[in-house]
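Asks: Sequence:
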Amino acid sequence: MPLPESRPAVRKAPARADRPFKGIALILVSTVFLGTSDVTAKYLSATLPSIEITWIRFLVFALIMSPAMLPGSPLFAMQTNRPGLHLLRGAALLGSSLLFISGLRFLPIAEASATGFVSPLFVTALSIAFLGEKVGLRRWIATAVGLVGVLIILRPGTSAFHPAAFFPLVSALAWAGTLIMTRMMSGSERSLTIMAYSSIAGLAILTALVPFVWVTPTWHDILFGILIGVASTAGQWIVVLAFRYGDASVLAPFSYTQLLWVSMLGFLIFGELPDGWTILGAAFIVASGLYTAHRERIRRSQLLTVPGEPSPNA
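Everything in the sequence shown is counted per my numbering, starting at 2 for the first residue and increasing by one.
Everything labelled a hint here was simulated from the structure, so no lab data went into it.
A portion of the hints provided could be inaccurate.
Ranges between beta-carbon positions, derived for each pair [to be verified]: (1) Leu-76 to Gly-188: 18 to 24 Å; (2) Val-216 to Ala-165: 17 to 23 Å; (3) Val-214 to Met-70: 23 to 29 Å; (4) Pro-212 to Lys-23: 42 to 48 Å; (5) Phe-131 to Thr-219: 40 to 46 Å; (6) Ala-288 to Pro-84: 35 to 41 Å.
All C-beta atoms, glycine included, are put in the ideal place defined by N, C-alpha and C.
Take the sequences, apply the hints, and build the full model.
Replies: Below, the structure written as structure tokens:
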């Protein structure tokens with residue numbers, strides 16, 4: 002009798018487990034890392050150009066992801082049928098990081114972070130065009146409420162308005178595009194593959210740009226740059242782990258605790274206190290995001306009877 006042919010094991014993504022409290026705990030931990038990364042980036046923006054800070058961040062990101070890029074590594078994850086979409090996602094992630102860090106140079110960190118949390122509203126709009134989703138009237142009203150919160154924070158037409166406020170706003174739009182592309186690939190691509198290609202794309206683009214703005218960093222700058230890269234990569238990876246234990250609609254509201262961390266660190270390090278308008282605008286944005294998450298939870302519960310619906314990997 003011929004022996005059966007041995008086939009290489011197919012590496013699959015870990016199975017989902019319904020453990021929402023573990024997912025919530027991971028999201029809360031991720032906000033500490035992501036908030037630390039943002040505060041450190043603002044600190045470095047006083048001495049280094051935004052492009053160089055972002056380049057260091059993506060360099061560390063790529064080094065951490067290098068085991069997934071080496072063909073002989075057990076973590077090798079570069080096999081894909083959608084390289085173009087991967088690279089486009091990496092460019093969007095780069096744009097989001099670069100624009101946000103550029104805004105930190107001029108804005109209080111609490112204001113920039115609150116404005117950046119408008120991204121779920123952009124996801125609502127983009128999901129219609131790119132994911133074919135239907136958005137009801139109540140979610141559109143929630144989106145409008147969130148945009149009112151942005152206007153309260155930015156206060157265009159007043160002396161409090163700073164043109165740099167558009168940086169975190171456009172950064173949120175780029176991040177929304179990143180999430181949309183992640184959802185487009187979530188049913189067929191591993192998280193490790195998505196992150197590896199994003200690091201390659203971002204590093205390649207920034208390496209072409211950084212010589213034009215290069216400022217020789219001190220060892221102090223390099224150490225803080227490494228901290229940014231490690232903290233942001235760890236934060237992103239913990240978010241990926243969190244979504245294995247709970248749906249996005251359950252976990253997303255807890256990401257708003259990052260506003261508390263950056264506000265606290267902003268006060269301790271930079272002496273910045275968010276003014277009343279920023280707090281009011283942030284309340285509008287958070288309320289809008291919470292309601293959007295609530296509607297998403299209802300929508301997904303209604304789809305449970307439809308087989309094969311993949312969970313969005315935000």
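Asks: Each hint should be assessed against the structure and marked as holding or not.
Replies: Against the structure, the hints:
Distance hint check: the CB atoms of Leu-76 and Gly-188 are about 21 Å apart, consistent with the given range 18 to 24 Å. The supplied range of 17 to 23 Å is met by Val-216 and Ala-165, whose beta-carbon atoms lie about 20 Å from each other. The hinted window of 23 to 29 Å between Val-214 and Met-70 holds, with their beta carbons roughly 27 Å apart. Separated by about 45 Å at the C-beta atoms, Pro-212 and Lys-23 satisfy the suggested range of 42 to 48 Å.
Between Phe-131 and Thr-219 the Cβ separation comes to about 43 Å, which falls inside the hinted range of 40 to 46 Å. One distance hint, 35 to 41 Å for the beta-carbon pair Ala-288 and Pro-84, holds here, with the actual separation near 40 Å.
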